[in-house]
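**Student:** Here is how the chains run, residue by residue.
2 protein chains.
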Amino acid sequence: MNHTEALTRYIANFVDELAKSGLTDVVISPGSRSTPLAMTFAEHPDIKEWVIIDERSAGFFGLGLAKQTNRPVALVCSSGTAAANYFPAIIEAYQSRVPLIALTADRPHELRDVGAPQAIDQLKLYGDYVKDFHEMALPESTGTMINYVRTKAARAIHEAMSGNSGPVHLNFPFREPLIPDFSIENLWGEPLADPYHVWHDGRKKLPEALVKQLSEKLQSTKKGVIVCGPQIDEELGEVITLLAEKWGLPILADPLSQIRTGSHSKANIIEGYDAFLRNQEIRNLLKPDYIIRFGAMPVSKAYLFYVKENPGAQQYVVENHLGYREPVGNSTEFIFADPILLCSDLIEASATDTIRDGEWLPLWNKLNSIAKQYTLHASDTTLTEGEAVRRLLEVIPDKSSLYVGNSMAIRDVDTFLLSTSKSIKLLANRGANGIDGMVSSGIGAASSGIPVTLLLGDLSFFHDLNGLLAAKHYHINITILVINNNGGGIFSFLPQATSEKHFEALFGTPLNIDFQKAIEMYGGSYHTPQQADDLNDVLLECYQEEGLSVIEVKTDRNENLQWHRELWEAIEAEIVKTVMHCE
Amino acid sequence: MNHTEALTRYIANFVDELAKSGLTDVVISPGSRSTPLAMTFAEHPDIKEWVIIDERSAGFFGLGLAKQTNRPVALVCSSGTAAANYFPAIIEAYQSRVPLIALTADRPHELRDVGAPQAIDQLKLYGDYVKDFHEMALPESTGTMINYVRTKAARAIHEAMSGNSGPVHLNFPFREPLIPDFSIENLWGEPLADPYHVWHDGRKKLPEALVKQLSEKLQSTKKGVIVCGPQIDEELGEVITLLAEKWGLPILADPLSQIRTGSHSKANIIEGYDAFLRNQEIRNLLKPDYIIRFGAMPVSKAYLFYVKENPGAQQYVVENHLGYREPVGNSTEFIFADPILLCSDLIEASATDTIRDGEWLPLWNKLNSIAKQYTLHASDTTLTEGEAVRRLLEVIPDKSSLYVGNSMAIRDVDTFLLSTSKSIKLLANRGANGIDGMVSSGIGAASSGIPVTLLLGDLSFFHDLNGLLAAKHYHINITILVINNNGGGIFSFLPQATSEKHFEALFGTPLNIDFQKAIEMYGGSYHTPQQADDLNDVLLECYQEEGLSVIEVKTDRNENLQWHRELWEAIEAEIVKTVMHCE
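In order, the protein sequence lines correspond to chains A and B. According to the working numbering, the first sequence holds residues 1 to 583 in order. According to the working numbering, the second sequence holds residues 1 to 583 in order.
Keep in mind that the hints are not guaranteed to be accurate.
Pairs involving identical chains hold if they fit within one copy or between any two copies, as the list cannot separate such chains.
Unchecked claim - Under the rule of at most 27 angstroms between Cα atoms (straight-line distance), these lysine-lysine pairs were calculated in the DSSO-like manner: (1) 472 <-> 554; (2) 501 <-> 472; (3) 366 <-> 223; (4) 501 <-> 48; (5) 266 <-> 246.
Rather than coming from a laboratory, the hints here were simulated on the basis of the structure. This one's a predicted model, so the numbers in the text were calculated from it and none came from an experiment.
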């Protein structure tokens, strides 16, 4: 069999098995060595290809799409530093458990480490940041090798999706000529109705006796707190709120927990804790007997202090598969079980009369309602950063996603995202909390067809401006709200702000650029509302527009600091006045 | 001693020793965890800091500056994916032997792999792509630990610079609080006149007997070819041309060899080989007895064919330190020696009458002069890609640098860069030949104060548009010539061009964006000459301008292909007519 036919069959069977295993999308960055993969993906009828030139953006585009759809996404690039540009997205995918399949083309063995052009050592390029690495064999199309590529394809998808999802890396050495021949018979292999491999995964369920013991122990204790940190399962809300209501416990719900939004009951949801746990006295009032946490550690630094100050409270951390996400260092019982099964089992095992302290939940609710009152009615005509986020959350459409940038954006969403029955998926890159790749992440999520609002700061927007090209090229509908405080706003909240001499150069880092020009270059509509009410109108207008819409809200870092401080102080003062004096 | 004083002394002594060891520049990307390093670098009187927000651009800015100055450059970033964004520049630095010192801040051990924010595993993050990795101890300021940090600083510089230069990575765990106190006494350590460590490096010199043997062997053979591929030593030109003239040999000089430009003799320099070695008949005419190559493998694919077709010719590859850069796979004698010492030794060991074949060099010179005639007089009023490069090389100022992009740009420079006595340094990222980081590389080189012209295509320009911010922020003088053929022009020259169905989507990849807007956003002057003569004027105008000047030459990919083909065909036809028929 000649070289071209062997190459074609090998790659066609590989790509076909990816499709059969559930792959629907591939993000391709142009290059020569990757020609067999790129052309075969483009040829396959069941896979949609997205061509993105900047591989860093391509990686994050794939990440955003995979986060939005909970499906694996493949990345294809050429040899050399192209593959290295994926590294930030690969790390974020590993840390935030997103299934990416990185397929890197490579020079064959005889052209490695001999000074051949565009040849670097791609073996284990991403170190420990992939769940699996495999150096593929050179293309052959014997029966054994066709079974081998089908197995590798199916296994790559399964490894990316099973347990904690994450990235997988396959490296493909290719010899020239690189052009496949799609005219051969049975291009996609022997007609197979089913995937070559099928994988059945169980869910972790605690033994009945342990559930019973846990249930009894927790119910015999008065002051429990359920915490739900960042997690992506939209089904969790239903059972976790049932459990909280049965046990009479508050649920501290992180903005990325997917339980502040959705159709389930919100009776026990506490979303204002970041505001009122900032106060030491209030934290003292709320000393818990135990904390049971689902999902990752919440965004809130106030919550971190709360846990730190209560090392005596028994802490339980629930992990679906494996993980040690307990950064405080408190003594912890780890529960490795499927969170939904665990909640259901605990509900079933519960006694009828389960509420031990009739004052515990009302206290949390009261504090929460004061915080909410202030965040709801912080409403101002001035378009401050907080106000912009508040307005966005007022008008964001049902059945849409909000992709939130790091630093200030996620913190403002923590403050202003109140419980709502709207079905809104909250997405963010909280694996490594970078400011990189945000534009591509949002646009990747929007490429699924679900309406996406991307909220981020000017530094994040700048960092991945290149990401806008995909929105233009593919006419993707997305609304981007840029809070432009001309630099790194979060540093004003940190101790660095006291070091005047170097502050502006090293931390303030104003960009001093006019984004309008870049937005026009990428064919986006551009809006700069001046007043808070204008923002509502502009947002509603953008949600009707096709393609890329960017709204820029220009703010001042110092005013922003002041505004937030005043809000938190007002909440604390009100709580001290109305709650503490009643105690 | 308290935490802040220990932190301050530890980092101040480290930074001071870097300065004493020759570090003059640091590129800082903003972040919180890196505060001790960032602030201390900013405070040190002898180190200039450049603050660049996008870490990928920051890495390449450092690379360009280090390439231009042959001095080490330090990079400082915060924890998380910030460090991963350096990866493309680190790989390029490793492959093209550029001294970078990556200093990444990290969470301390107790905050690693426990779900703490912005904490990733940074140990050996760059795998085998650094010459040395060291996980630094937590800051302490005992005498032992001050000696330790000074040693680590001095050693990092030495490792980056010695042998084949390359990147070094030090990872710094820091605990809060992170702000140093610069008011302490003896901030920069005990007043030391000298660096704490001094390193003396020998140069590799072949034994006299071996030089004699080699010299005799080579001089007894008739048809030798000296090849000088990409290398950065501007002193090599003087001795290598002396050797060639003594032995009557042609020097095939790559555009990045630094020997097409400069004040040394150009009598034996062959710069047109890429054009005439494309023809099989001509290659047959030039069968060599031996090839001795200095520097990396040349850019020219025609040269690659020439070597491949002559496996019987003895091939010598000279490497200054270590390396196996022989991609053809021919039998090779590797000579590990300092190239300048080797040339001098060979000249000294040469017999007086050393020219064995009186027709060999004149033949090469004749072919070369025909090729040069055509490339010189290809001159056209139409502003084709080749014409643009030819015009640029006409007017580029003496004592300046030309930073050349990959793909088409470097190939056109190979064709059109004729020998000149102007002192022009040729720079390119030929370690991994990526299209990433080019804008920052050029601007980094220009930040040294030497005038820089950056020549690159539209995809490279797009890939690192973010790099332009540094030119605006620091008012760096640079002239950028963008050849915009709206996509990947080089693919038109490759077999992929025959696959019409997927070509434009996967390989042509037109950007369809108007760069003028981005250039205005970054405060650059923007020029679009229409005719070839206009380009000369515009270039001369830009060389007088302060700050960022961008010239966009809009071309057509198909016309470009046609134009190049016609040029090469004309050269081949002329050679076949005038040389082959005389044989």
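**Student:** Each hint should be assessed against the structure and marked as holding or not.
**Tutor:** Hint by hint, here is what the structure shows:
no.: 1; hint: 472 <-> 554; in the structure: both (24 angstroms within a copy, 21 angstroms between copies)
no.: 2; hint: 501 <-> 472; in the structure: between (42 angstroms within a copy, 22 angstroms between copies)
no.: 3; hint: 366 <-> 223; in the structure: within (16 angstroms within a copy, 94 angstroms between copies)
no.: 4; hint: 501 <-> 48; in the structure: between (52 angstroms within a copy, 16 angstroms between copies)
no.: 5; hint: 266 <-> 246; in the structure: within (13 angstroms within a copy, 90 angstroms between copies)
Figure legend: structure checked against the earlier numbered hints; every hint is met.
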